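Residue numbers (my numbering), protein chains in the order written: chain W, 11 to 235; chain C, 49 to 777; chain F, 78 to 157.
Now the in silico label distances, taken between C-beta atoms and shown as ranges:
1. C:Asp689 x F:Asp127: 57 to 63 Å
2. W:Thr217 x C:Thr242: 50 to 56 Å
3. W:Thr46 x C:His339: 26 to 32 Å
4. C:Gly479 x F:Leu105: 41 to 47 Å
5. W:Ala228 x C:Asp343: 56 to 62 Å
6. W:Ala196 x C:Gly764: 42 to 48 Å
7. W:Ala86 x F:Ile119: 40 to 46 Å
8. C:Arg584 x F:Ile155: 41 to 47 Å
9. C:Pro753 x F:Leu123: 51 to 57 Å
Hints are computed from structural coordinates only; laboratory data are not their basis.
All values reported here derive from a predicted model rather than from experimental measurement.
Yeah, the Cβ is synthetic: ideal placement off N, Cα and C, and Gly gets one too.
The lines below spell out each chain.
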Amino acid sequence: MSIGIITFPGTNCERDVAYAFEALGADTEQVWHRETSLDGIDGVVLPGGFAHGDYLRTGAIARFSPVMAAVEKLAAEGRPVLGICNGFQVLCEAGLLPGGLIANRDLRFICRPVHVRVQSPDSILTRAARPGQVLTIPLNSYEGNYITGGDAVRVMLRYTDAAGTLSDAANPNGSEGAIAAVANTAGNVAGLMPHPERAIEDFMGSTDGRILLESFVASLEAVPA
Amino acid sequence: MTDVVHRELGMTDEEFISVQEILGRRPQDSELAMYSVMWSEHCSYKSSRAHLGTLPTDAPWVVVGPGENAGVVDLGDGWLAALRIESHNHPSFVEPYQGAATGVGGILRDVFTMGARPVGLWNQIRFGELSDPHNRYLFNGVVSGIAGYGNAVGVPTLGGETEFDPVYAGNPLVNVMCLGILQREQLVLGTAGTPGTIAVLLGASTGRDGIGGASVLASAGFDETAGEKRPSVQVGDPFEEKKLIEACLDLYERDLVVGVQDLGAAGLTCAASEPAARAGVGMELNLDAVHVREDDMTAPELLMSESQERMMAFVSPDKVDEVLAVAATWEIDASVVGTVRDGDRLRVHHNGEQIVDVPAASLTDDAPVLHRPIERPAWLDDLRKRRDPPDRTPLDTALLALLDDPGIGDRSWVYEQFDHMLFLNTVRPPGIDGSLIRIQGTDKGLAVSTDGNGRMCQLDPRRGAERIVYESALNVAVAGARPLAVVDNLNFGNPEKPDVMWQFTETIAGLGAACDALGVPIVGGNVSFYNETDGRDIYPTPVVGMLGLAEPIPAFIGDVGTDMTIFLAGPAQQRSLAGTAYQKTIFGTLGGRPTPIDPDTGGRSIELAIRLAHVMPTAVLHDVSQGGALVALVELLIRHDVGAVLERTSTIDAFGEDPHRFLCLVPSAEAARVTQLAAEVGCDIRRIGQTGGADLELSDPTIDPMSIGRLRTVWGGAIRRRMEGTIHE
Amino acid sequence: MRALVTITRRPEIADPEGATIQRALVDLGYGDVDGVRVNRTIEVSLPGRDQEYVLSAVRAMCEKMLANPVMENYEIEILG
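Build the full structure now, drawing on both the sequences and the hints.
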């Protein structure tokens with residue numbers, strides 16, 4: 011079982027994501043955005059960073075990278091596809107996930123751990139988590155403010171306080187409905203703004219990211235629909 | 049070309065005569081342009097060079113000392129660290145976002161030029177008070193620029209220091225430090241190699257950005273014509289830099305380059321002449337081959353352009369195709385622009401004509417060395433004699449005022465805008481003391497602290513410089529690291545004033561003495577003069593970046609709970625409030641003379657901090673710096689949301705800023721072990737209180753307990769409230 | 078009355094965003110694209126004011142804040 015880590019020019023979390031999955035015993039492979047085939051890859055992760063400099067709109071140029079046709083094919087086959095932060099933005103631009111991401115409410119970049127509450131276990135991101143469970147995962151984004159654009163959305167994680175309560179103060183970036191992660195209808199394509207790979211060892215202050223990454227690894231083995 | 053052109057380029061008549069003597073003829077336009085930038089203060093260090101030679105730069109672990117693009121030290125087991133610090137003060141005043149952004153871009157290139165992957169950035173930024181909207185605009189722009197570039201380029205920003213003082217209002221300071229790591233065999237130097245080597249220009253295309261930036265912006269003060277100096281601003285592109293980093297590291301990995309030089313100040317001129325001078329060779333440069341953004345650029349413009357995100361690689365002829373292929377993979381442009389030749393001449397061709405023919409080394413080595421007049425300022429004695437007014441400020445009032453000082457209060461408004469977690473190495477994040485990162489796959493941790501203190505240095509530049517070195521050393525020590533190397537950034541006023549040169553030479557003496565006493569070499573530095581506005585100089589503001597090595601990485605548990613004993617290590621008695629934050633905040637004055645460092649006491653404090661970090665994982669250590677011991681303790685209590693009962697203390701002991709003090713909090717059951725270790729090291733230590741409850745109690749019947757929540761509100765708003773507009777002063 | 082301010086980078090100042098978009102367009106098959114510049118527009122509404130006043134006020138806003146003369150030019154169009 012091999013995880014393809016899709017790297018665009020300007021992506022910068024590709025090595026961190028590989029490190030985290032390898033710490034969980036998974037095999038990873040870096041896939042440059044010019045690749046057109048994902049043969050031998052069982053699932054892909056689009057890591058964080060600034061694909062194509064985030065110029066024009068975040069993800070707007072990356073969605074046209076040659077590799078994205080293969081990612082769409084993989085998604086259609088029911089294979090796990092996960093976008094983290096900038097990768098989430100790319101999946102939204104590509105239409106693989108509903109909604110979009112705009113600048114944070116306070117118009118400042120935010121890098122700090124936040125609390126998210128598990129809304130549903132029905133996705134490749136959350137299947138190992140309990141509904142209602144509160145996780146601590148670092149956020150690291152300027153355009154992290156999720157808007158549904160009126161689309162129906164399957165919410166996987168919401169920003170809350172440490173007790174799992176929703177409030178304006180606990181919503182770091184102003185996301186609609188405090189949405190931190192969503193999935194498609196089939197649950198095989200998911201995106202989230204926080205960085206689970208940044209919460210996998212004790213010294214990082216939280217190991218809750220493992221729950222989400224383990225969900226993804228477990229999904230690799232599941233027979234696609 | 050008329051005789052006055054050299055003056056418009058910032059060159060003196062004497063310098064013009066030297067150029068004529070070197071060439072044996074009148075220089076052509078392009079030649080004069082090249083000398084004017086290379087001999088500018090910014091590039092040549094002409095006012096400072098005569099003094100910098102006294103600094104200690106040697107140690108067995110120094111691999112590359114000052115003079116290359118970055119200093120390099122040995123970390124053991126085949127690992128090296130590359131470090132460098134640089135200022136971008138004037139560009140940041142003119143255009144704060146782009147000035148700070150391109151400062152980050154430039155310091156990164158200095159480090160990955162050496163073969164290292166940049167793993168961390170630190171910044172030292174100083175502004176006028178936040179009550180002035182223009183200072184808020186500059187502060188916001190600089191922080192956004194550092195975030196915008198650093199986050200996007202994919203290098204974590206791990207710490208720094210922010211200070212505010214009216215003296216920086218017309219001339220903010222933006223100093224940026226970068227640390228990189230590499231394996232020994234990946235080390236690359238800025239050499240042009242042997243005759244026949246090919247020069248390949250990589251990265252962004254060349255445009256009219258920042259023409260003459262080095263000579264015009266960085267080598268003169270600001271006055272009412274600052275607006276006219278504006279065309280020298282450059283625009284940074286972190287996306288291009290990210291690709292350039294990956295492409296260069298790929299080239300090093302494949303062993304495809306002989307040497308590399310980044311293009312910063314003085315652009316192509318510097319990138320051709322410095323590597324040639326270092327290698328003792330000549331070079332032919334073809335400007336027609338340079339990939340450009342605009343078609344009609346003149347030769348002097350091409351030679352002086354400071355377009356960002358460019359590197360010059362020196363490549364053996366049989367590897368040029370492979371280098372171009374690597375560049376194409378990473379989607380960056382590359383052009384073959386030159387060839388290394390026998391002899392010593394740098395010859396430049398443009399439109400098929402030879403327009404430059406000069407000895408390459410004359411641009412670097414023959415730059416003037418000035419011995420500017422030095423005189424102890426007449427005003428200094430008055431300043432030192434100044435006495436503070438009688439003080440009856442209650443401790444709680446003073447504490448609240450200090451916590452509300454944006455130079456002391458919560459800095460998270462700044463560092464939460466920076467990605468400080470990328471690469472998954474951040475063991476101690478920014479916000480407190482030195483930050484610590486691990487080197488993956490090893491037991492090694494690298495701690496970095498950057499420190500400056502303009503007020504102390506204004507009162508006594510020598511003592512001030514010594515103090516910041518010891519301050520920085522103790523900051524890395526509380527992270528469990530042993531000081532290993534220093535880089536310095538010397539921010540000063542106009543060197544044509546003898547009292548500024550006195551401040552400068554005193555600072556050099558202090559830096560040298562302190563580094564000598566600690567046994568820590570200075571492996572690189574940067575001098576920024578002409579930090580003045582309308583004739584008013586900034587405080588002398590040396591900044592040091594200290595690298596420490598922690599091996600193994602201490603197992604910090606690091607939680608402050610109840611029933612912990614609070615120890616204060618280092619000198620118990622404080623002798624002076626001169627230059628302290630207390631003096632500034634409570635009296636609004638600056639005067640007196642800071643206490644000197646004591647190398648023996650300082651060394652023992654550093655030793656005890658390192659030992660405690662390694663043998664007592666439950667101990668929480670925190671250096672005492674601006675605001676003194678009480679502020680340092682309250683910072684910990686706020687972070688961990690726990691109260692404390694303190695022994696009775698005096699104003700001077702609570703708020704004095706002795707550079708050798710740090711706090712140690714341990715579960716009370718282990719307190720005896722701390723006293724025992726302190727005795728072994730010979731370091732003074734005493735118990736000053738106990739944690740518990742939800743309040744800070746000062747054991748003074750006239751002072752009510754203060755809730756930690758209230759202290760947090762004040763501390764947490766020091767910057768945030770001022771920047772978010774809920775305070776209007 | 079409304080005014081439309083178009084802020085452009087001065088031609089000699091780099092526009093990395095425009096250059097990146099241009100590359101992407103060429104990749105998408107628009108090989109004849111020779112240049113892309115990213116500009117900004119700002120719509121300012123000043124109800125009940127005449128054209129002369131709006132022009133001079135918006136010009137002052139551009140000089141003070143909306144544009145940075147270090148690297149930008151601006152144009153003002155009255156939308157009516």
